[in-house]
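Participant: Generate coordinates for the entire structure from the input sequences, incorporating the hints supplied.
Protein chains in written order, with the numbering used here: chain A, 1 to 616; chain B, 1 to 166.
Just so you know, the hints here were simulated from the structure itself, not pulled from any lab data. Fair warning: this is a prediction, and the values are worked out from it, not measured in the lab. Each residue gets a CB set at the ideal place from its N, CA and C atoms; glycine is no exception. Hints may be right or wrong, so weigh each one.
Estimated spans, in silico, between C-beta atoms of each pair [unchecked claim]: (1) A/436 x B/20: 35 to 45 angstroms; (2) A/96 x B/15: 50 to 60 angstroms; (3) A/383 x B/151: 43 to 53 angstroms; (4) B/142 x A/16: 52 to 62 angstroms.
Residues on chain A that point at chain B, a partial pick, calculated with CB under 8 angstroms [said to hold, decoys possible]: (5) 502; (6) 508; (7) 513; (8) 552.
Sample of chain B residues with no beta-carbon within 12 angstroms of chain A, all distances over it, derived [stated by the list, open to error]: (9) 15; (10) 20; (11) 34; (12) 38; (13) 46.
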Amino acid sequence: MEWIDHVILLSSGLIVLSILVGLVSTRFGAPLLLVFLILGMLAGEDGPGGIQFSNFYVAYTVGSLALAIILFDGGLRTERKDFRDVLAPAATLSSVGVVITAAITGLAAKWFMGIGWIEGLLVGAIVASTDAAAVFFLLSVRGVRLRGRLRATLEVEAGLNDPMAVFLTITFLTILQTGAASPLDTAQTLMTHAIVQLLGGVVFGVLGGSLLLAIVNRLTLSVGLYPVLAVAGGLFVFAAAQTFGASGFLAVYLAGYVFGRRRHKATQVIERFTDGMAWLAQIAMFLILGLLITPSKLLPMLAASIGIAAVLILVARPVAGFLCLWPYKYSTREIGFISWVGLRGAVPIYLGTIPILAGIPGSQEWFSVVYMVVITSLVVQGWTIGLAGRWLHVVLPPRPAAPPRVDIDLPHDIGKDMLAYTVQPGSLAMRRSMARLPLPDEVALVSIIRDGEIRNASELEHLAPGDDVLLLTTQEHVALLDRVFGTKDGARDTAVDLLGEFVFASDTPTGAVAAMYDVKVPANQRGVPLGQFMETHLLTRPSAGKRLRLGAIELIVAETRKDRITRVAIELEPMEGSIRRFDPALIWMRSVLWLPLETRLIRLLPKVPKPVWWRR
Amino acid sequence: MGTVPLTNGFAMEIQHLLSPDSVYSGLKASSKRQALQELAERASTVTGIPAREILETILGRERLGTTGVGQGVAIPHGRLEKINRLYGLFARLDDPIDFESIDDQPVDLIFMLLAPESAGADHLKALAKVSRLLRDRAMCDKLRGADGPGALYALLTQNPAQTNAA
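Facilitator: Below you can see the structure in the form of C-alpha cells.
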C-alpha cells in the first residue's frame, strides 16, 4: 500500500507548491491558473517530474467534481440584485452568444484542421465557454474594480455558459456517434437535447437549492457540518441532474444561487468553506490537466491552434458580444471589454476529454488544439485584462478600505442581517447627530456599545469613534451602511459616485431640470415629476444609487421609500460608457408606444406570488 | 492606481471662471435671500446685467431644489441670456446662514456661477469643477481659515494636484 502514500505525498506536495509558486507569480501578474497548468506539465512526463499520467477517466472525474464545486460557489456568491439586472443580457450571451462563438470558431477549426463540419463544430463548442474564476481572480489581483453591471454580466455569463457549452458538446458528439442522417434529424436531436438539458437543469437547480435551504434552516447541526452538508447537497443536485439527462452544471449553479439568496444561520461558515473548496478545485483541476497533456505532442498542431485561438479571440467572441449585448444598450466600450475578457479556462480542456472517452477518432488531436487555445487565451487575454480595462475606461478608482464590519449569523432566518460596525473617525455617522443618521426604514439600530457598555440610542446625541453599533438590516442596504460608518478618506470619488452634485425632490418637473442643464427631454415628458420619470425609464426596481443617463448628465436615485423614489440627484460629469443611455428619441418612443402597456404590467408584477427563495 | 480622467478635452480651471476681484471675504447677510441679493448686486457690476434679473434667475433655480450641497457650502447658479461667458463669484460669510441645505447645516461658503444660455457642456463642466473643489473638506477648512480675498483666491485657484494627493 506504499503507493497510496506516494500518491498523497505527490498530490499534496504539488498543491502546496502551486500555492507558493502562485504567490510569487502574482507579483509579476502572470495568470495564476496558467502557473498551475505549467506546474502540472512540469511534473508530467515531458518535464523534470516525469510522472506518467494519461488516465482521461480520472481527469474527467476530477474535472466534473471540481467544476460542480466551482459553479456552486459561484452561484452562492452571485448578488441577487445584480443577477436580476443582468440576467437577460447574460443569458443571451451565454446561450445565443455561445452558439455564435461555437459556430464561428467551429468554421475556423474546420478550415485550419481540415476536419468535417460536425467535427469542427464540436471543437468550436468545446472552446465556447468562458471561465469566471479566471477572470475575477485576475481582476482582484490587479486591484481592478469594474462597474457593477459589467462585473455582474461577466460573472453570471460565466456561470450560465458552461452548461450551454457542455450541452452543445454532448449534442455534436451524439450526432457524430449516431451519425444523424438528415439535417432534419440533426435539428430535431439538437432541439430535444436543448430542452431536456436546459429545462431539467433549471428544475433540478431551483428545487434542489430550495430543498437544501429548507434542510439547513430546519436542522440543528454542529457548525462544522453545515458547509459539508451544503457542498454535498450541491454535488448531489449536480449528479442527480446528470443522471436524469439534465444539465448538472446549470443545476448546480442555480442551486448555489437559490441557496445563497436567503441569508440563513450558516451563511458565513458555508461561504468561507466553499471559497476554499473552489480554490482547491481550481488548483486540482489545472494540475491534473497539466499532468494529462504531453507538451511534445502539442507541437504538430501549433499553427492550427494559434489560428483558431486568433479567430476565437478576435472574431468569434467580439461578434457574439456585440450581437448579444447591443440590444441591451451596452456601450461599445463595455462590449469591447466583455469581448476581450472572454477568458477560456478549465471547462474547454475538461470538455476536450469527452470525445476521447467516447473513442472518437482524431479526438486526441482536437484535445491538443483545445489545450493550446486555452493557454493562448490565458496568456494573451489574462495578462492584459487590467490594461484593457483602463484603456476602455471601464474600471473604477480603487475602493477606499471597507469599514470594519462584522456579519453576525442569527439562529433563525428572519430575512435580515445583523451587522456590527465600529464607528470610524471622520465617518458620516460621526459627523451627524443621532437623530439625523441617514438610515433607511428597513434598517433598525439595535444597540450601541461604548466603553464595553450598552447605551441606549435615545440617550446619545452623537456617535463617537470606536463605538460599536449593531444594526439589523436587509442585504440591499449594506453598501449604504458601509459608507455611513466607514472613513471618508479618499471619499471625494465615492461621494460623487454616490450623491452626484445636486439633489432634487422627486416632484420637481423633469423639464425644468432638463432645461437648467441643457438636456433634451421629449415634450410629453417635461411635466412628469423627476421621481416618476426615473421610475419609468430605469426599467428596474429603483434603489438608491441606480443611475439613468440623460444627455450629458446622469440622474441618480438618491433616496427611496417603499420602492418609490423620494429624492433624485444629478451628476454633471458622469463617467463615460457606464450605464444605460437614454437619448430623447428613445424616451419619446417609449413614452408613446410602450409606456401605457408597460406601466400596467409593472403594476401587475408585485401581485404575482413569488417563490420562497425569491422573497426577502 | 490609475485614475479615470473626467474630462476628455479642455480642462476647466477655476481661474477661467473667477477673477481676483470677484472674491469676497466677510460678506454680511442674515438670510439666504439677502446673501443671494448681495451677490447678485456684485455680479451686476461685473456683467452689466440688472441685479434683479440675476437674482430672479438664481432664485428660480433654488425653487427647483436647494443648491446648498452640504458641509456649509452652497453653489447657486443659473443661465442668463445676455452674458457672453461664464462668471463666477465667491463669498465667505461672516456668520453662517440657513440655506435649506441637504444636510441642514448653515452655509458660509458660497460660489455663485452664471452661465450664458449657450454655454452647454462648459456650464456643466464648470459646475462639476466647482462642486468637486468645494466637496473637499480640507479645502473648505482652509477657506474658512484664510485671511482676506487674496488668500481665498489663491486657495481656490491653486493647482489641485497639490491639495489632493489621494
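Participant: A separate judgement is required for each hint: does it hold in the structure or not?
Facilitator: Outcome of the hint check:
no., hint, result
1, A/436 x B/20: 35 to 45 angstroms, "holds, 38 angstroms"
2, A/96 x B/15: 50 to 60 angstroms, "holds, 53 angstroms"
3, A/383 x B/151: 43 to 53 angstroms, "holds, 51 angstroms"
4, B/142 x A/16: 52 to 62 angstroms, "holds, 54 angstroms"
5, 502, "holds, 6 angstroms"
6, 508, "holds, 5 angstroms"
7, 513, "holds, 6 angstroms"
8, 552, "holds, 6 angstroms"
9, 15, "holds, 19 angstroms"
10, 20, "holds, 26 angstroms"
11, 34, "holds, 22 angstroms"
12, 38, "holds, 22 angstroms"
13, 46, "holds, 22 angstroms"
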